[in-house]
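Visitor: Sequence:
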Amino acid sequence: FYCPDGIQQIPCAPGNYTNTYEQSKCRQCPPGHYNIKPSSTNCSRAQPGHYAPVNNNISRPCPPGTYTNKPAQQSCKTCRPGTYSTQPGTQNCIRCQLGHFCPDPTKLPQPCPAGFYGDIYEQTKCKICPKGYYTIYPRVTYCTKCPIGNSCADPATTPKPCPVGFYNGLFAQTTCRQCKSGWTTNVPGQAECTSIEPQVG
Numbered sequence: 001f002y003c004p005d006g007i008q009q010i011p012c013a014p015g016n017y018t019n020t021y022e023q024s025k026c027r028q029c030p031p032g033h034y035n036i037k038p039s040s041t042n043c044s045r046a047q048p049g050h051y052a053p054v055n056n057n058i059s060r061p062c063p064p065g066t067y068t069n070k071p072a073q074q075s076c077k078t079c080r081p082g083t084y085s086t087q088p089g090t091q092n093c094i095r096c097q098l099g100h101f102c103p104d105p106t107k108l109p110q111p112c113p114a115g116f117y118g119d120i121y122e123q124t125k126c127k128i129c130p131k132g133y134y135t136i137y138p139r140v141t142y143c144t145k146c147p148i149g150n151s152c153a154d155p156a157t158t159p160k161p162c163p164v165g166f167y168n169g170l171f172a173q174t175t176c177r178q179c180k181s182g183w184t185t186n187v188p189g190q191a192e193c194t195s196i197e198p199q200v201g
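The sequence shown begins at 1 in full-length UniProt numbering and counts up by one.
What the hints contain is simulated information worked out from the structure, not anything from laboratory work. Glycine residues also receive a C-beta, built at the ideal position from the N, C-alpha and C atoms. Take the hints with a grain of salt, since some may be wrong.
[What the hints assert, rightly or not] Beta-carbon label-pair distances, calculated as ranges: (1) T86 x I120: 18 to 26 Å; (2) L108 x Q8: 53 to 61 Å; (3) K77 x G169: 50 to 58 Å; (4) D154 x I36: 55 to 63 Å; (5) D119 x Q178: 34 to 42 Å; (6) I58 x P113: 39 to 47 Å.
[Said to hold, decoys possible] Taking lysine-lysine and the PhoX-like style, the derived pairs with C-alpha atoms no more than 25 Å apart in a straight line are: (7) K145 x K107; (8) K160 x K180; (9) K107 x K131; (10) K125 x K145.
Please build the complete structure, drawing on both the sequences and the hints.
Guide: Put into structure tokens, the structure is as follows:
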């Protein structure tokens, strides 16, 4: 209670308190503290995962994408890039896992699509496969060398067999080579060409 005129007792409103006698006014709860009842003599600390602004009559849960890991906080912290929290009242943000990316701290991780990969934690975007490499499936942590007899464009989601008349004798190639005059391949996906000259013998 407080006594503004020295006679009548008036209860302190929620978010305020008095802890001594003969007070002419109430005190506000300090930052990170609150109370919900009138006539309070103290304030409670906001718990981790919650916050309480000045003169607050209730603690509030940190919204998704934010957190507090200490008590008596006036505000919540934003999840750092590459981490997230999807639920209110979070004490710690979660690291974005391998093979995924987290562009929005309020949403669950998204899988890296085919042709991309995620080899480290806390990525906000996936990496494109290097030239001559590919991924068929999402959520991968590394890309695979393009096999012999194929080419892998950028970004590659599946190897493309060299067409008839073209070849590739090396791994990790982005294009196929055309057979020289007098040479060819009979079927797609060949590592070398064969002569079309009639055999003398």
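Visitor: Tell me, which hint numbers fail for this structure?
Guide: 7, 9
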